[in-house]
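Trainee: Take a look at the letters that make up each chain.
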Amino acid sequence: MSRYELRFSGAGGQGLITAGIIMAKAASIYEGKQAVQSQSYGPEARGGASKSEVIISDEMIDYPKATKVDALLAMTQVACDKYSHDLKEGGILLLDSDLVKEIPKGNFKLISFPIINTAKNDVGREIVANIVALGAMVALTGQVSRENAEKAVLSSVPEAFIELNRKAFSIGFERAMAASI
Amino acid sequence: MAFDYEKWIRPGKLPHIWCPGCGHGIIMKGMIRAMESLKLKKENTVIVSGIGCASRLPGYIDCCTLHTAHGRAAAFATGVKLAKPEMDVIIVGGDGDGTAIGGNHFIHACRRNINLTYIIMNNNIYGMTGGQFSPCTPTGALASTTPYGNPDPGFDVAKLAIGAGATFVARGTSFHANQIDKLIAEAIQHKGFSVVEILDDCPTTYGRRNKFKSVIEMMNRLKDIAVPVKAAEKMTAEQLKGKVLTGVLYKDDTKPEYTVEYDKVIERAKAAK
Amino acid sequence: MSKKVAFLQGNEAATYGALYAGCTFFAGYPITPSTEVAEIMSIELPKIGGKFIQMEDEIGAMAAILGASLTGAKVLDSTSGPGFSLKQELIGMGCISEIPCVVYNVMRGGPSTGMPTGPSQSDVMCAKWGTHGDHPAICLVPSTVQELFEEMVRAFNLSEKYRTPVFIMPDEIVAHMRERVVFPEPGEIPLIERTTPTVSPADYKPYDTSFGDVPPLAAFGSGYKFHVTSLNKAQDGFPTTKAELVQAEEERQVRKVEGNADDIIEFEEYQLDDAEVVVIAYGSTARSARYAVNVAREQGIKAGMFRLKTFWPFPYKQITAMAGKVKGFITPEMNLGMCFGEVERAAQGKVPVIGIFRVDGEPINPDQILDKIKGVK
Numbered sequence: 001m002s003r004y005e006l007r008f009s010g011a012g013g014q015g016l017i018t019a020g021i022i023m024a025k026a027a028s029i030y031e032g033k034q035a036v037q038s039q040s041y042g043p044e045a046r047g048g049a050s051k052s053e054v055i056i057s058d059e060m061i062d063y064p065k066a067t068k069v070d071a072l073l074a075m076t077q078v079a080c081d082k083y084s085h086d087l088k089e090g091g092i093l094l095l096d097s098d099l100v101k102e103i104p105k106g107n108f109k110l111i112s113f114p115i116i117n118t119a120k121n122d123v124g125r126e127i128v129a130n131i132v133a134l135g136a137m138v139a140l141t142g143q144v145s146r147e148n149a150e151k152a153v154l155s156s157v158p159e160a161f162i163e164l165n166r167k168a169f170s171i172g173f174e175r176a177m178a179a180s181i
Numbered sequence: 182m183a184f185d186y187e188k189w190i191r192p193g194k195l196p197h198i199w200c201p202g203c204g205h206g207i208i209m210k211g212m213i214r215a216m217e218s219l220k221l222k223k224e225n226t227v228i229v230s231g232i233g234c235a236s237r238l239p240g241y242i243d244c245c246t247l248h249t250a251h252g253r254a255a256a257f258a259t260g261v262k263l264a265k266p267e268m269d270v271i272i273v274g275g276d277g278d279g280t281a282i283g284g285n286h287f288i289h290a291c292r293r294n295i296n297l298t299y300i301i302m303n304n305n306i307y308g309m310t311g312g313q314f315s316p317c318t319p320t321g322a323l324a325s326t327t328p329y330g331n332p333d334p335g336f337d338v339a340k341l342a343i344g345a346g347a348t349f350v351a352r353g354t355s356f357h358a359n360q361i362d363k364l365i366a367e368a369i370q371h372k373g374f375s376v377v378e379i380l381d382d383c384p385t386t387y388g389r390r391n392k393f394k395s396v397i398e399m400m401n402r403l404k405d406i407a408v409p410v411k412a413a414e415k416m417t418a419e420q421l422k423g424k425v426l427t428g429v430l431y432k433d434d435t436k437p438e439y440t441v442e443y444d445k446v447i448e449r450a451k452a453a454k
Numbered sequence: 455m456s457k458k459v460a461f462l463q464g465n466e467a468a469t470y471g472a473l474y475a476g477c478t479f480f481a482g483y484p485i486t487p488s489t490e491v492a493e494i495m496s497i498e499l500p501k502i503g504g505k506f507i508q509m510e511d512e513i514g515a516m517a518a519i520l521g522a523s524l525t526g527a528k529v530l531d532s533t534s535g536p537g538f539s540l541k542q543e544l545i546g547m548g549c550i551s552e553i554p555c556v557v558y559n560v561m562r563g564g565p566s567t568g569m570p571t572g573p574s575q576s577d578v579m580c581a582k583w584g585t586h587g588d589h590p591a592i593c594l595v596p597s598t599v600q601e602l603f604e605e606m607v608r609a610f611n612l613s614e615k616y617r618t619p620v621f622i623m624p625d626e627i628v629a630h631m632r633e634r635v636v637f638p639e640p641g642e643i644p645l646i647e648r649t650t651p652t653v654s655p656a657d658y659k660p661y662d663t664s665f666g667d668v669p670p671l672a673a674f675g676s677g678y679k680f681h682v683t684s685l686n687k688a689q690d691g692f693p694t695t696k697a698e699l700v701q702a703e704e705e706r707q708v709r710k711v712e713g714n715a716d717d718i719i720e721f722e723e724y725q726l727d728d729a730e731v732v733v734i735a736y737g738s739t740a741r742s743a744r745y746a747v748n749v750a751r752e753q754g755i756k757a758g759m760f761r762l763k764t765f766w767p768f769p770y771k772q773i774t775a776m777a778g779k780v781k782g783f784i785t786p787e788m789n790l791g792m793c794f795g796e797v798e799r800a801a802q803g804k805v806p807v808i809g810i811f812r813v814d815g816e817p818i819n820p821d822q823i824l825d826k827i828k829g830v831k
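Protein chains in written order, with the numbering used here: chain B, 1 to 181; chain R, 182 to 454; chain L, 455 to 831.
The hints are simulated quantities; they were obtained by calculation from the structure and are not laboratory data. Since we're looking at a predicted model, the values are computed, not measured. Note that CB positions come from ideal geometry on N, CA and C, so glycine has one too. Be aware that a few hints might be false.
Looking from chain L toward chain R, a few residues come up when the C-beta cut is under 10 Å (computed) [as the list claims (entries may be wrong)]: (1) I497; (2) G504; (3) F506; (4) E510; (5) D511; (6) M516; (7) A518; (8) I519; (9) G521; (10) G526; (11) L544; (12) W583; (13) S676; (14) V682.
Let the hints inform the model, and build the full structure from the sequences given.
Mentor: The structure is reproduced here in structure tokens:
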């Protein structure tokens, strides 16, 4: 089975549900694969722990939730502690190195860089940290091409923020490529 | 020539269910005179009600009529009016139906200022269920559920309507029969949410318990307590004690009407498309 | 030309399905997890001259759509468990007064406030028995985002065809997940409009059975004057307590749905030809079931799935027919056994029915179902 499972996790308000939606949209609309995105969240609009899951496959996707996660993004320690238990052996673990200090034990492909600070300092706006993370996840997972992912990003953001998001996506993609070599 | 009420009555639907001495019939006649005077088209008029004695009124009138669930008349009427603003929509019902179980819909219809007319027949009691106290039963009065006197303070329906945002509020009584049609006609013509409270009597479940010896005595009470707004201006607070103002109590033609405002929403949405 | 494709959330697809079906009036009250429907309707309906209104409460929203439907509009209200409970009295009025309307109810954890953001399937009995008195019930339970669009269109069609409220009830997972949706072209899915009278206004009766079990319904404002009441009524629309008239009307109201069950009930048969173990599932749970059936087949177990698309009327006939041929039914559901009970009725003791019940806000995962499949001997 070609089923590939991604989980984007962090705190409410970090835009991770959006990041998951864009990843799934890239796979489903631009890459021509099957994709399902789902999420779970608490009552808080900001804070708490939130997760967005994306399943990508060449075949019809039945169960829409993760069973064994292939790639996990954790943007906070709380999310990392809560959502890393079912990461597959050899799976990809992408962390914000400033916010996740206790790294879960296991045989994972660990990639860690200061995602939020990269958004703040290198892109210029902290608010696009989710797109930096998305760029990194696209690079690390290889489930969708860089071009298709970028199309999905640009078609999902308001006109005025296209350049900002393009930059965020690129920097995230490049950072992950550099970090994983 | 005598007024032809039959023109607006559905053939074969009388006699009505109301008790001898009940004022609802007087109000229905006033309402018919109002609709006739405005030359409302039967096919274009919807009368909506909830549950209770007063809410049986639509069944007798020959037009489009909708007898709904307890308290919900204003919300049903809002749906009808918003879907087809060109129709004349009138709500009728009692004090319990409109201000207790339907109180939320009532105040929000007032707030929206949607072009509906709500005729509240206030007989201070739940008549159909056998005389339980309503939010309009006077403090101290006896009802089948206030055997030791009503501890609850009551609503002033007109003040409630004004406070909630209705833009035409009038009050009459079933004793002052000749005034009812004029108040209702003015209410229907008003472009906005209009409330006409008609003080009424329930001899069977209220009068009997509260030491009224006859319907005439109840009618005389309505006659005695009613003071026209104009006359009240010249009266002292002492003189007004125990009295109730009648006539047009409030009118505001400046507040936007809901369906007109929604048409503007449609215009803005189409422009933004 | 290729069809329009979009990556949509379930609630979004359902809303576009309603618009495709010709919905022009929406009333609602904000409630998680269905609020997206109201939000999109507030944007889209005025663009086409339709009407959106946010009412003061759930009951008011139900009242408003019933009122609007009587003017001839196709109407929708969206809600979730607590709101669905509140609407029940007026749903009963929709049934007895025979007013077409669609109620979209996203199933979240309950009872009461329960788990507002957690999924459940625990409203399916409320759809049938929530309002008092005997009445018809049509309830659709889609499994995919594409199906939410299409089933919403079917909900409107059934409502108009049978002149009765129709419920479409995705669980929170289906309502909130996102998948690719291929939009049908206009006209691709046929739309059904309510039958309107052919007789003159003078001869019109709103419940005239000489036209069959589903009498024509005139619109207020179309030249017809008639009475609608929440009381038991005779064919002329006026209240009656005459025993034979009430009995006949009550029976007809139920018969017009139950008697047309074959037209209303839709289901999917997956790997059933040689199946010895049949999972009977609906909504998102059917997706877990399909996964489990596929794994079981890989392991050489003859498993299959009977997927409900229509929960009410319930497909007793189809399940009874299977009961004699298989070794076991498995009913996974996010409640404590609602479909299970109906399947037991249909199984008539011929075959064991094994339930998998979860009410903890978590989906039933495929492994749970696979375990039970393996356990059937």
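Trainee: Work down the list of hints and note, for each, if the structure agrees.
Mentor: Hint-by-hint comparison with the structure:
For the restraint placing I497 (chain L) at the interface with chain R, the shortest Cβ-Cβ distance is roughly 7 Å, inside the 10 Å limit, so the hint holds. At about 8 Å, the closest approach between the beta carbon of G504 (chain L) and any beta carbon in chain R falls short of 10 Å, and the interface hint on this residue holds. At about 8 Å, the closest approach between the beta carbon of F506 (chain L) and any beta carbon in chain R falls short of 10 Å, and the interface hint on this residue holds. Hint on E510 (chain L) holds. Least Cβ distance to chain R is approximately 4 Å, under the 10 Å limit.
For D511 (chain L), the shortest C-beta to C-beta distance to chain R is roughly 6 Å, which falls under 10 Å, so the interface hint holds. Of the supplied interface hints, the one on M516 (chain L) holds, with its beta-carbon coming within about 8 Å of a beta-carbon of chain R, less than 10 Å. Hint status for A518 (chain L) relative to chain R: holds, with the closest Cβ pair at about 3 Å, below 10 Å. For I519 (chain L), the interface hint holds, since its Cβ comes within 10 Å of a Cβ in chain R; the closest pair sits about 6 Å apart.
Residue-level restraint check for G521 (chain L) holds (minimum Cβ-Cβ distance to chain R is 3 Å; threshold 10 Å). The interface hint given for G526 (chain L) is met, as the beta carbon of that residue sits about 8 Å from the closest beta carbon of chain R, less than 10 Å. Evaluation of the L544 (chain L) hint against chain R yields a held restraint, the C-beta minimum of about 6 Å falling below 10 Å. Annotation: interface hint on W583 (chain L) violated; nearest CB of chain R at approximately 18 Å, more than 10 Å.
Contact between S676 (chain L) and chain R, as hinted, is supported at the beta carbon level, the nearest pair being about 8 Å apart and thus within 10 Å. Because the closest C-beta pair between V682 (chain L) and chain R is about 5 Å apart, less than 10 Å, the hint holds.
In terms of the numbered hints stated before, the structure departs from hint 12 and from no other.
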